[in-house]
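*Asks:* Spelled out, the chains give:
2 protein chains.
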Amino acid sequence: MPRLKAPQRREQLIAVATKQFAKYGYDATTTDTIAKSAGITEPILYRHFGSKQELFIAITRAVSQQTLRHWHELISPIDDPAQQLREIARQFPSHLKEMGDAYRVIHNALTTSRDRKVLAVLREHYHQMEAFFTGVIETGIKRKVFRPIQPKTVSWSLISTGLGFALVSLNLSPFETFDVEDAIEFVLAGLKA
Amino acid sequence: MPRLKAPQRREQLIAVATKQFAKYGYDATTTDTIAKSAGITEPILYRHFGSKQELFIAITRAVSQQTLRHWHELISPIDDPAQQLREIARQFPSHLKEMGDAYRVIHNALTTSRDRKVLAVLREHYHQMEAFFTGVIETGIKRKVFRPIQPKTVSWSLISTGLGFALVSLNLSPFETFDVEDAIEFVLAGLKA
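Protein sequences appear in the order of chains A and B. FYI, in the numbering used here the residues of the first sequence are 1 to 193. FYI, in the numbering used here the residues of the second sequence are 194 to 386.
In case anyone wonders, no lab produced these hints; they're calculated from the structure. Any given hint could be a false lead.
[As the list claims (entries may be wrong)] The list that follows gives simulated cross-link-like pairs (lysine-lysine, BS3-like), each with its CA atoms no further than 25 Å apart:
#, chain 1, residue 1, chain 2, residue 2
1, B, Lys345, A, Lys97
2, B, Lys216, B, Lys290
3, B, Lys335, A, Lys192
[To be verified] Derived Cβ-Cβ restraints for the label pairs, each shown as a range:
#, chain 1, residue 1, chain 2, residue 2, range
4, B, Pro367, A, Asp179, 31 to 39 Å
5, B, Gly293, A, Arg147, 29 to 37 Å
6, B, Lys335, A, Arg90, 29 to 37 Å
7, A, Asp179, B, Thr234, 44 to 52 Å
By construction, the Cβ of each residue, glycine as well, lies at the ideal position given by its N, Cα and C atoms.
Chain A on its own, in the form it takes in the complex (with noise of 0.2 Å):
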């Protein structure tokens, strides 16, 4: 394999440690797997993360920024707040078709880590969600698309629909859960000005 530049390997070793979390579990991944997946010895790999720790906190922080930036370029040409809940939706299953493994990775983290860091990472993760959706039910409100109410429980009925539709499809399928469309439109019927 030709050496990476440090950019490009850190973006490899992310790439490799979730699959590998999302296929085994974290607690079962060592690092010495991951490096060797990498085609790279464990020494080079603690160059660019110090730890299995280390790795997990970066694969947080990068689903965290792609889901935000994704979000952001599908509602930025979108004017109504609704259309853009409705387009969030629209997206989602794909989102997460493409996503699965890291939000694996994520959701094991969250039912089963009692690391410090780790969860410090996914409170970070869960309030970027929540702050992204506030700012779209708070443009709603002053708009009067939307009827005043409390923000943080719309976005948390948003961020429980997402993780109830994600955990139920990339885990118990096939399972008839719910289509996540109907899912907001009921969100948006309660919102009504």
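Keeping the supplied structure of chain A fixed, place chain B upon it in accordance with the hints.
*Replies:* Positioned in the frame of chain A, the structure of chain B alone reads:
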């Protein structure tokens, strides 16, 4: 420890396994550790549960049963379906506290297990939750307290709300999430006839 009769022994083993799975994870827990913590030998454990998997299945079925029994008890003296959902929400944080370990075990399996039987019993669990809420919603629609809407969508909105609240409060605490009673008021607003 005095000799227990078979049903008491089963209950004891379910309680011990729930604690161990919740603390160390399903994969990291062995039937040997469970037997030791219960004060018996592994061969005696195997008289009651053929495998670790069977213990997990028994835990999940016990959670489904206890949750449904608790909800049925809560709603039976209440006539109005909206009030029934409010009461379930009001009691949810304490229900979760009481059943925290068992729910941890289920969520952990949901995000990590690839075992066919484990996944089958999880599907069973969520189908039962869905059927319960569908019953409440359909009654509300029939009585024109709720508008006509796909009950599945609403059931999953309620399940996702509970799942989101449980995952965050069981794992990310301290984390200022949403108020589950506010969340149900929001769902009820979307249901108004």
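*Asks:* Check each numbered hint against the structure and report the violated ones by number, ascending.
*Replies:* As far as the earlier hints go, not one is violated by this structure.
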